[in-house]
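S.K.: Respectively, the protein sequence lines represent chains R and H.
Each residue of the first sequence is one higher than the one before, counting from 625 in the numbering used here.
Each residue of the second sequence is one higher than the one before, counting from 625 in the numbering used here.
It should be emphasised that the hints constitute simulated quantities derived from the structure, not laboratory data.
There may be inaccurate statements among the hints.
Claimed, not checked - Ranges of calculated distance between the beta carbons of each label pair, as one might list FRET restraints:
(1) H:His776 with R:Ile1016: 43 to 51 Å
(2) R:Glu962 with H:Asp918: 53 to 61 Å
(3) H:Ile913 with R:Glu769: 53 to 61 Å
Bear in mind that the values here come from a model prediction, so they are computed numbers and not experimental data.
A virtual CB, placed ideally from N, CA and C, is assigned to each residue, including glycine.
Protein chains: 2
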Amino acid sequence: MTTPSDPLPGLGAWADETETPPPPPAPKSRDLGAALAEIADHFGDRYTENESTRQQHAHTLTWTQNEPPDAVVFPQTTEEVAQIVKICAAHRVPVIAFGTGTSLEGHVNAPMGGVCVDTSLMKRIIAIHAEDLDCIVEAGVTRKELNDALRHTGLFFPIDPGADASLGGMASTRASGTNAVRYGTMKDNVLALTVVTASGEIMRTGSRARKSSAGYDLTRLFVGAEGTLGIITQITLRLQGLPESIVGGVCPFPSVKAACDATILTIQSGLPVARIELLDALAVRSVNIHSKLDLPETPMLLVEFHGTDASAREQAERFGEIAAELGGGPFTFASKPEKRTKLWQARHDAYWAGFTLRPGAKGLATDICVPISRLAECVTQTQDDMAASNLIGPIIGHVGDGNFHVNLLFDIEDAEEVSRVESFLERLVERGLSMDGTCTGEHGVGQAKLKYMALEHDAPALAAMRALKSALDPAGIMNPGKLVG
Amino acid sequence: MTTPSDPLPGLGAWADETETPPPPPAPKSRDLGAALAEIADHFGDRYTENESTRQQHAHTLTWTQNEPPDAVVFPQTTEEVAQIVKICAAHRVPVIAFGTGTSLEGHVNAPMGGVCVDTSLMKRIIAIHAEDLDCIVEAGVTRKELNDALRHTGLFFPIDPGADASLGGMASTRASGTNAVRYGTMKDNVLALTVVTASGEIMRTGSRARKSSAGYDLTRLFVGAEGTLGIITQITLRLQGLPESIVGGVCPFPSVKAACDATILTIQSGLPVARIELLDALAVRSVNIHSKLDLPETPMLLVEFHGTDASAREQAERFGEIAAELGGGPFTFASKPEKRTKLWQARHDAYWAGFTLRPGAKGLATDICVPISRLAECVTQTQDDMAASNLIGPIIGHVGDGNFHVNLLFDIEDAEEVSRVESFLERLVERGLSMDGTCTGEHGVGQAKLKYMALEHDAPALAAMRALKSALDPAGIMNPGKLVG
């Protein structure tokens, strides 16, 4: 079992800059044994302290150290989640919500131990309101499962972060992905939530109305809160009508700058592009190897337009003209669904494709987001920085939003290289912030980006975040050590 | 001068349902005289205690009683707002932010007196970033002023609540209006804010990045907080490319139900309608009289499509087909800008047009919002209720969002009629909530809808809102008596 460590890892910088309000206290006067016994008693074989299960539930795709919880429990209902949290609250034991474990910044680690609440048995699709273009799902439903359930309704749920993540996890990390440029992020597509509060109460935030001005926006407060204020157990989501027609394809560009400029022009001219993704030359090379494609190994935009037959084609033609103006092209349509699916599958596999460039390396996917006018500069400087630092990492971006990923490949056993990676990451964040951007567009803070929070936010904003945490989780039991420390 | 009254008007119901956390304390140990003297000293002729100015600043378009502040001050910068709040915080004096005074639920009243911070001198457009489709403005800039400044950029700011409200006020009330069905509400169009906190600190929430997962969504917390957590002084807004083509017109329907069903089909089939507004027969009659139009006096949709020439026309044709399926039509295009402008001006004047139906009457504009599948039923029941209650009120709705307004016209001197109005309003809210809607889609809570908060939100949600208020405004000086009481 883990023991409580420093209650505020990585928060030194904050403490210097802001005095009030105090950080949330570390869980204290806890009685872990009593809590685990009570939960085990209630949940029987849906409770485990098995070593490998615990480690699995702190597993992370990046280099963050595995810090397993003391136990994992598999509730089936909101009421059961409330029961778990009530027990943990009584004994001041940390509670960590778990979806599919595809988060990238150590969100599900348990640095102070505690109980992991795995929502994978919460799979009910409670209602699909086709006429209202909304649905209500339990937190454990994944985005693909939801889209399967919607197959015959003419509707779909557009947010697509790549991984088949749970919708509870996607809401908690404010996920987005390839479709966000047209359909927004989780922030824009969650109408309401059911949340188990830090005291184990069940709360509903919002209604099924499309909009409301009735009070503080609790929904948006819990979206992106990474389970540090409560546990999302049900989500009311907006849905979209399936477009009559989807037209997409690939378009090579002579430079990253030309590709970014084409993106800016596309968006500025009001073309409602559904997806517009940049792959730098290195990323194209890795995708070619991994997915057996033969794309020209030069900066590339993958684009997709949704609309009626006529409007989707018109949009695509306009885009082709814009690309040509910037020296790009030819824009090759992939009008057949199979070909389009293969292309987007290749895009989604880009993280894994990266490893073909350095087999056996450790992968680390990071993300920042800047205003699009600064994107070309930011990407180019980042490429130069990698070259100067003797590091390798393909770059892939949701460029319509100014958001890009560097998938670093390095030898984690080589302390000197690891140190170069660390310095590079710090400069990457500083570069993004200096351009009025953010240290994470969609991955979230978790543990790994905690140290950048004081760089990004001013002292009153950090103080406000801490005050919110203390207000809603006064005992500090909800996913401690994340987001605000 | 006003004296502090009940610190929590209208909150009896809450107190019964939830015990923790305690409500924010009423401002206490205050020294109003000292605060006013300090502010007067700093601001000279930009400070006034003039009776009519004070009353003007508590003016409301509805029937809420005028409760003037003790003084009005006109800062020119964020730093001056911070200075005012610091003085008020030191003396525990209420601070009420004021934009253009077009809010509808008593948001700017000063039930406990205090200092009104009029932002009308804060008119700087700090930056327009055309490439990034964003801009930064001071809180006192109105939406029309912003659009004038954008005239030669090819961009526009789409949120249009009708009134030429200040952007600070629009952010604070989470305003929306006719374009929200396509472009979203203020919640969706604010990227970042500068906020003066309750202790007089200056805080920036967010960056110019299109999206971020870096911490709690402070921006969305202040949007719609009605000045109860801090004062918004600068706003970073998303802008849109001006559509190449706008096609719009009017389409009569045999019934409210047919018009609502046409709306549902339009949205469900993915047509990106920019505006879709319902006027019931009574509203059409009043608009005809007021704006000298000759529309058929039957339920009517005003619609508008934005796109390329071809796509906007295609969308309009599709809509015409949908309308015909539902027994509506003919859909008459108003392709000339002048004619379209006249039509939308008539729509925006609908509030004033209502008075033609009962000259000399008091007007009261209320709003609720329901899932669109329930809209026809909700509007029809509301019409029946008005008929049964012998009340008159045209109905106008942003039906693409399920949001509609009843503009009641009544004799405020007639206590019996006022009592019928009050009962009707209560039933209206109950009807909306019973359909999983909200007591206000866009007007906000202010004072007048405080009493419905406990009907709409469950006890843990109300407790959470109070906890947020206490956390960010522990002395309770920011616009007291509103939103959470």
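S.K.: Could you run down the list of hints and mark each one as holding or not?
M.R.: Okay, the hints, checked on the actual structure:
1. H:His776 with R:Ile1016: 43 to 51 Å: Roughly 46 Å apart at Cβ, these two residues keep to the hinted range, so it holds.
2. R:Glu962 with H:Asp918: 53 to 61 Å: Since Glu962 of chain R and Asp918 of chain H have Cβ atoms about 55 Å apart, the given range 53 to 61 Å holds.
3. H:Ile913 with R:Glu769: 53 to 61 Å: Because 55 Å falls inside the window, the suggested range holds.
Of the hints listed earlier, there is not a single one the structure fails to meet.
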